[in-house]
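Protein chains: 2
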Amino acid sequence: MLNANVKHSFIKVVGEENFEDSKAGRLVYSYDATPNFQSMPDAVVSPRNKQEVAKIVKICNENSIPIVPRGSGTNLCAGTCPTEGGIVLLFKHMNKVIEIDEENLTVTVQPGVITLDMINQVEAKGLFYPPDPSSMKISTIGGNINENSGGLRGLKYGVTRDYVMALEVVLANGDIIRTGGKLAKDVAGYDFTRLFVGSEGTLGIITEATLKLIPMPETKKTMLALYQDIEAAAKSVSKIIANKIIPTTLEFLDQPTLVVVEAHAQIGLPTDVKAVLLIEQDGPPEVVERDMLKMEEICKKEQAISVKVAASDEEAEALRTARRSALSALARLKPTTILEDATVPRSEIAKMVNGINEIAKKYDLNICTFGHAGDGNLHPTCPTDARDHDEMERVEKAFEEIFVKAIELGGTITGEHGVGVMKAPYLELKLGKEGIAAMQAVKNALDPNNIMNPGKVFAKDSRKRVVITK
Amino acid sequence: MLNANVKHSFIKVVGEENFEDSKAGRLVYSYDATPNFQSMPDAVVSPRNKQEVAKIVKICNENSIPIVPRGSGTNLCAGTCPTEGGIVLLFKHMNKVIEIDEENLTVTVQPGVITLDMINQVEAKGLFYPPDPSSMKISTIGGNINENSGGLRGLKYGVTRDYVMALEVVLANGDIIRTGGKLAKDVAGYDFTRLFVGSEGTLGIITEATLKLIPMPETKKTMLALYQDIEAAAKSVSKIIANKIIPTTLEFLDQPTLVVVEAHAQIGLPTDVKAVLLIEQDGPPEVVERDMLKMEEICKKEQAISVKVAASDEEAEALRTARRSALSALARLKPTTILEDATVPRSEIAKMVNGINEIAKKYDLNICTFGHAGDGNLHPTCPTDARDHDEMERVEKAFEEIFVKAIELGGTITGEHGVGVMKAPYLELKLGKEGIAAMQAVKNALDPNNIMNPGKVFAKDSRKRVVITK
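Residue numbers (the UniProt record's numbering), protein chains in the order written: chain A, 1 to 470; chain B, 1 to 470.
Treat the hints as calculated values from the structure; they're not laboratory data.
Incorrect hints may have been included.
One copy or any two copies: either way a pair holds, since identical chains are not told apart in the list.
[Said to hold, decoys possible] No more than 27 Å apart at the CA atoms, straight line, and that leaves these computed lysine-lysine pairs for DSS-like: (1) Lys-58 - Lys-92; (2) Lys-460 - Lys-443; (3) Lys-362 - Lys-433; (4) Lys-274 - Lys-351; (5) Lys-405 - Lys-212; (6) Lys-244 - Lys-96; (7) Lys-125 - Lys-294; (8) Lys-212 - Lys-351; (9) Lys-433 - Lys-50; (10) Lys-220 - Lys-239; (11) Lys-239 - Lys-156.
Can you build the whole structure from these sequences, using the hints too?
Spelled out as structure tokens, the structure:
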């Protein structure tokens with residue numbers, strides 16, 4: 001609990017109406033989209049501008065109060081779960097698009113703006129912000145930046161990191177710094193812009209961001225390739241890239257995922273095949289046309305049993321929507337859904353999918369796999385029940401083996417979901433003790449009192465998801 | 001001078017043949033491409049592998065000996081000038097292309113490989129590494145990474161940072177860490193890959209890098225637009241982008257630069273116009289054709305007095321070569337050439353060029369300006385004479401005003417050359433005291449004994465280029 005003086009200081013900064021410490025009010029922010037993590041904050045504070053953020057941070061730094069910055073809490077790594085108590089810093093008021101600069105192709109936003117709201121505003125001007133996390137209808141740009149969100153278009157267009165040009169950040173000592181600019185080139189000092197992107201709120205609080213936009217592609221086409229063999233699908237992915245085509249989207253869904261998605265979406269997806277690839281290309285019409293033909297040829301040569309281009313925009317949109325609904329469809333199966341995002345080099349996808357299936361069999365689990373095949377970013381997903389402690393133990397062991405397998409294949413434990421609390425115990429697999437020590441040194445340098453989202457990224461202990469935080 | 005024990009330790013690691021401390025041997029590495037900076041190292045040590053690098057670093061860390069990593073020393077910020085003595089760590093042996101991975105579109109290299117050698121090898125496989133610093137014939141990839149080198153294709157394709165996927169780095173404590181991977185998506189911990197890119201050797205020693213490649217564009221076209229008015233040229237640049245065309249290259253040369261380049265290259269460049277734009281587009285033939293026509297139209301509408309597409313590859317190559325030779329052509333004019341790279345948002349180019357010209361007039365200097373107009377990265381260049389102390393004082397003041405002007409316009413003090421020693425006194429203009437303090441905290445955390453290229457990035461004092469280091 002906050003002491004009365006501290007509470008009074010917060011209220012002096014943001015006003016009574018933006019300070020909340022009732023039990024009901026705190027309960028709402030005691031969890032995020034991550035299953036099985038819950039922990040109460042001491043208060044929820046909603047600043048209205050960067051000056052207020054700086055004042056709040058100073059109070060927290062002087063009193064060693066943890067700060068958990070939060071947009072919509074859609075992350076899947078318990079990154080916004082207040083595991084150490086302290087305050088949730090809620091960006092509900094700082095949710096404006098500040099400027100769309102059509103000459104420099106940038107958009108400047110406050111962190112609390114909803115991703116899709118921003119996208120709609122820039123698209124109205126013929127501009128394109130490529131990162132498209134599946135949660136974009138409710139996620140915020142601040143959250144996307146803190147997690148370095150990916151999405152379906154990562155293969156061709158990259159991830160959030162590749163579109164952040166400048167940041168305004170409040171540091172743990174209350175200093176407000178600006179990084180980068182509307183500049184295609186800037187080497188004045190270290191690349192702090194990208195150090196903060198994906199730092200999960202552990203290094204500072206982002207209060208403003210300038211994002212890069214690109215011209216809107218002229219057209220887009222969508223196709224679905226069906227396979228009776230997972231390896232054939234994976235090989236098609238590699239062959240497409242080796243043929244020097246970089247499609248916008250190259251999504252993979254295995255049969256168990258397909259069955260569930262079709263039951264949910266009911267758009268006529270085939271459920272009697274072992275795997276499908278959802279392939280999209282965008283760009284000038286001539287190029288899209290040519291690439292689609294070439295990819296169709298490649299998929300057929302690699303044993304696709306059917307390749308079909310969506311006949312209309314509506315059909316294409318239905319396919320995309322179905323793919324985006326994979327997680328929510330899977331979440332309907334069982335009370336608890338454990339979704340991971342182990343990622344491997346593109347060339348290793350078949351090995352990884354086979355590896356996941358073997359591990360699932362070994363631990364007697366139902367693991368469905370879908371994901372961004374083009375960038376090797378897979379989402380093995382296990383519908384389970386947190387109350388079934390025996391199964392949860394097996395889930396835990398299975399996912400640990402999945403992480404180890406990904407690392408063995410040159411991959412990583414998380415492609416786009418972040419480390420948070422959930423994957424902190426596994427971080428050493430990827431970085432080694434030395435790598436973690438170096439990152440911790442940077443964390444300590446910028447946040448010596450460990451007030452910035454403590455308990456995230458770096459494991460305090462080896463607690464895994466089996467134990468539920470009270 | 002190194003003491004005998006330390007010298008013996010280095011020789012034990014690399015062998016007599018890779019240790020050099022004769023006066024002549026040290027003299028060669030007492031300067032780089034930066035005018036007016038010279039300082040003797042105590043020795044030159046050439047490791048053959050990462051284990052040797054780690055051993056050398058440990059010796060240096062225990063004995064507080066500065067390490068200056070060096071490829072070809074083509075940087076323009078005195079980034080490889082051993083201003084604090086210590087050893088030059090020369091990467092002449094670690095110069096191999098380790099692997100070209102055609103399935104994952106990556107190339108893995110040692111830091112000492114010559115940029116163009118690597119480019120030739122990947123192009124032989126139909127793959128493309130876009131960053132093209134003007135020094136690429138002799139620069140090394142290690143140097144490019146440490147400086148985050150840019151080049152002529154930055155507008156469309158980005159800079160070195162955008163192509164580094166993974167690094168192997170020896171830290172100051174001798175730990176060897178690996179960052180990233182052959183992974184389009186990876187959010188396991190902080191983005192150390194990009195923290196090291198552009199850190200100018202001040203955070204660690206890069207011993208291996210995996211770079212992203214893309215498919216080779218099918219075709220390329222080049223054109224030259226002539227203007228009697230600098231603002232018309234600048235406006236054409238903005239209009240091209242606002243029309244949603246992102247050309248590969250959008251280079252600007254003012255009249256004084258043109259005159260010098262033509263005298264040097266003799267390829268029939270017009271010298272009676274106020275400015276030219278060298279514009280290139282690459283990609284599928286249909287798209288290149290269409291974009292070139294549209295850009296021709298835009299330039300004419302914006303008062304270009306002539307727009308001419310290069311008739312042949314040879315003519316295009318001659319134009320590119322002429323542009324690339326701008327610095328060497330200007331360097332022939334006077335004993336000393338001061339070249340800067342103040343950078344502004346694209347929309348501010350006309351204001352910046354006019355500002356430079358006013359400042360040149362005020363200080364009675366001849367400043368020629370050329371550069372990458374598409375990304376706002378200008379190279380105001382002053383042919384002068386370091387022995388003329390009066391003129392050098394004026395040069396110093398003029399460039400300080402140029403930096404201030406760039407910052408005023410939302411720009412930066414260096415777009416692609418780096419801070420090094422040269423621009424360290426001006427870094428505060430861009431970052432503020434708070435920003436520098438935060439970066440220094442990170443530096444101290446990773447290199448507490450300050451052995452990693454000390455004296456670079458952060459100013460020890462306000463010494464500027466007027467005073468020559470002995």
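Taking the hints in turn, this is what the structure says about them:
1. Taking CA atoms no more than 27 Å apart as the test, Lys-58 paired with Lys-92 passes inside one copy only; the shortest distance there is 21 Å, against 50 Å between copies.
2. With identical chains, the CA atoms of Lys-460 and Lys-443 are at most 27 Å apart both within one copy (14 Å) and between copies (25 Å).
3. In this homomeric assembly, Lys-362 and Lys-433 never come within 27 Å of each other (Cα to Cα): the closest approach is 29 Å inside a single copy and 57 Å across copies.
4. For the identical chains of this complex, Lys-274 and Lys-351 are intra-copy neighbours only, at 16 Å inside a copy versus 60 Å across copies, given an alpha-carbon limit of 27 Å.
5. In this assembly of identical chains, the alpha carbons of Lys-405 and Lys-212 lie at most 27 Å apart only when taken from different copies (23 Å versus 35 Å within one copy).
6. Proximity of Lys-244 and Lys-96 under a CA criterion of 27 Å is satisfied inter-copy only: 25 Å between copies versus 40 Å inside one chain copy.
7. For the identical chains of this complex, Lys-125 and Lys-294 are inter-copy neighbours only, at 20 Å across copies versus 32 Å inside a copy, given an alpha-carbon limit of 27 Å.
8. Taking the shortest alpha-carbon separations for Lys-212 and Lys-351, only the inter-copy value of 22 Å comes in at or below 27 Å, while the best intra-copy value is 36 Å.
9. For the homomeric pair Lys-433 and Lys-50, the shortest alpha-carbon distance between copies (18 Å) is at most 27 Å, but the shortest distance inside one copy (36 Å) is not.
10. Taking CA atoms no more than 27 Å apart as the test, Lys-220 paired with Lys-239 passes in both settings, with 21 Å inside one copy and 25 Å between copies.
11. Taking identical chains as interchangeable, the C-alpha atoms of Lys-239 and Lys-156 lie at most 27 Å apart whether they share a chain (16 Å) or sit on different chains (26 Å).
Going through the hint list in order, the structure does not satisfy hint 3, though it satisfies all others.
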